[in-house]
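As given, the protein sequences belong to chains A and B, one line each in that order. Those letters in the first sequence? Residues 1354 to 1642, by our numbering. Those letters in the second sequence? Residues 24 to 238, by our numbering.
Heads up, a few of these hints could be off.
[To be verified] The list that follows gives simulated cross-link-like pairs (lysine to aspartate or glutamate, DMTMM-like), each with its CA atoms no further than 25 Å apart: (1) A:K1404 with B:E137; (2) A:K1404 with B:D87; (3) A:K1404 with B:E229; (4) A:K1404 with B:D86; (5) B:K119 with B:E229; (6) A:K1404 with B:E80; (7) A:K1404 with B:E95; (8) A:K1404 with B:E81.
[Stated by the list, open to error] Some chain A residues near chain B, calculated using beta-carbon distances under 7 Å: (9) R1401; (10) A1402; (11) K1404; (12) G1406; (13) R1449; (14) I1566.
In short, the hints are calculated from the structure, not lab data. Yeah, the Cβ is synthetic: ideal placement off N, Cα and C, and Gly gets one too.
As a plain string of letters, each chain reads:
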Amino acid sequence: MRLGILIPLALALAVTALVWAAGGFDALARWAAQGQREVQSDMAGAIRALKAGEAGALAGLMTLAFAYGFFHAAGPGHGKALIGGYGLGRRVSALRLSIIALASSLAQALTAIALVYGGVFLLDWSRERMEGVAERWLAPASYAAIAAIGLWLFWRGLTGLRRGDAHDHAGCGHAHGPSPDDMAGVASVRDAALLIGGVALRPCTGALFLLVICWRLGVDMAGILGTLAMALGTATVTIAVALLATTAREGALAGLAGGATARRVLPALELAAGALILAAAATLLAPFV
Amino acid sequence: MIRALPLLTALLPMPAAAHPHVFIDTGLTLVLDAENRLTEIRVTWAYDELYSLLVMEEYGVDDDYDGALRPEELAVLDGFDMQWIEGFEGDTYLAKNGAALSLTGPLAHETSVENGRVVTTHTRRLAAPVALTSAVSVKAYDPTYYTAYTVSRGASVEGGTGCAATITPADLDAAYTMLEELLYGPRSAEFGEENFPEVGEAFADEVRLACVSGS
């Protein structure tokens, strides 16, 4: 039976995308950690150069911040698992998911900026207090949004499977079950908002460091621009995951156009991706419960 | 789908705690008494450039931004990392025959700056002098791995006779493999960001203090 072969095939492709997404490669993790260490040192030098008024210092800081974002995202993180899982579970165009990945990284930068400047000007918070807010309130909120996405995919997959069964038994011609075309229906605005929120709510500690330093030094704009450059660096990685996930899904399902098997496989894939994201969110949320 | 589930749990993202934001180069000096007993340990922490800059700016020192501090500025900074909250073990762990040795909190401390990096040194005393009948193991690590320590400033012995400290760098491949087994293996569900065991320790270099027999 074809179904028995195709599900493992789809999952094998999913694994390729998600092992990376989950930071499962030793060498990559080591390389990313070393890269971050070096960039972190250079960034301090660039900030001092900027303060000293050296020409080209701002461009140098932007480049380093971009690299920091890239290295940090190449290591383990929640953004990649969420974007990758969604791309496998739902039919969404590579372009659209890439835009969502970019938007979520930029929104994550805005969270850091809002937290630091809101904390500084409105509430007179210390950095420890800001990090505390990020850890104790924003992190669980972010994971809850991730859980919501997982639950949504899981539920859709489940109802899709049930309707597929009913359809088979009835054996009639009209499409009560979801066809691949239905599945191609645009990922809703609500999905996009949840994805962006899931990534963005938890600001990056590195961005908080950069913002606080630049605020103290009176070069606020450099800190804000640097944080946005960091987000672009992060986005290169999440966009790569988005492309990998959507390509893997399309590749696995290319031969299934419209058949009864597709009506089974698509919801099953959705169900699996939903379960995966839910399990990830549960692990992340566990310490807060 | 059921068969696929163990596979799926292998894809959980690593907790955020599993990657560091602060990097510290550590130096250790082990102080022995005349009877070759370990009595004190001096710990040096050299913070990475970015965290050093953050600390200097938070304390409002280095107003000429050259990364060097005047004595009165150093005095402002001194002790900034010595106000240890309840439950903080000081990120330095000693053991003999696998049993942990207890230490006092930081006694004396000083702060300096080298090439824009904040460097602090503090002394801790062992609860009781420890005879080196077998080797003592010293590791510097943050269990949560928010801070990554490397014993790159060396380990030395002060006092005593015939004793030496040797550094064994962390086996990073083994550390990442262990991390993955803990995270993705059958016990992964027990762990979250705040109860994650031994991650930092797996990335720790080990210093072994031993004396030649008969000395």
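Here is what the structure says about each hint:
1. With a C-alpha separation of about 19 Å, the suggested pairing of A:K1404 with B:E137 holds against the 25 Å cut-off.
2. Restraint check: the Cα-Cα separation between A:K1404 and B:D87 comes to about 9 Å, which is no more than 25 Å; the hinted pair holds.
3. At roughly 40 Å between alpha-carbon atoms, A:K1404 and B:E229 are farther apart than 25 Å, so this suggested pair is violated.
4. Under the criterion of a C-alpha separation no larger than 25 Å, the hint pairing A:K1404 with B:D86 is consistent with the structure, at around 11 Å.
5. Annotation: proposed proximity of B:K119 to B:E229 holds, straight-line Cα distance about 13 Å (limit 25 Å).
6. Of the pairs offered as hints, the one joining A:K1404 and B:E80 holds, with about 12 Å between alpha carbons and a cut-off of 25 Å not exceeded.
7. For a cut-off of 25 Å, the pair hint linking A:K1404 to B:E95 stands: about 22 Å separates their Cα positions.
8. A hinted pair counts as satisfied when its Cα atoms are at most 25 Å apart, and A:K1404 with B:E81 qualifies at roughly 16 Å.
9. A cut of 7 Å between beta carbons decides the hint on A:R1401: the least distance to chain B is about 6 Å, and the hint holds.
10. Hint status for A:A1402: violated, given a least beta-carbon distance of 10 Å to chain B, over 7 Å.
11. Taking 7 Å as the C-beta cut-off, the interface hint given for A:K1404 holds, the closest approach to chain B being about 5 Å.
12. Given the 7 Å rule on beta carbons, the hint for A:G1406 is violated: about 10 Å separates it from the nearest Cβ of chain B.
13. Hint status for A:R1449 relative to chain B: violated, with the closest Cβ pair at about 23 Å, above 7 Å.
14. The criterion of a C-beta within 7 Å of any C-beta in chain B is met by A:I1566, whose closest approach is roughly 5 Å, and the hint holds.
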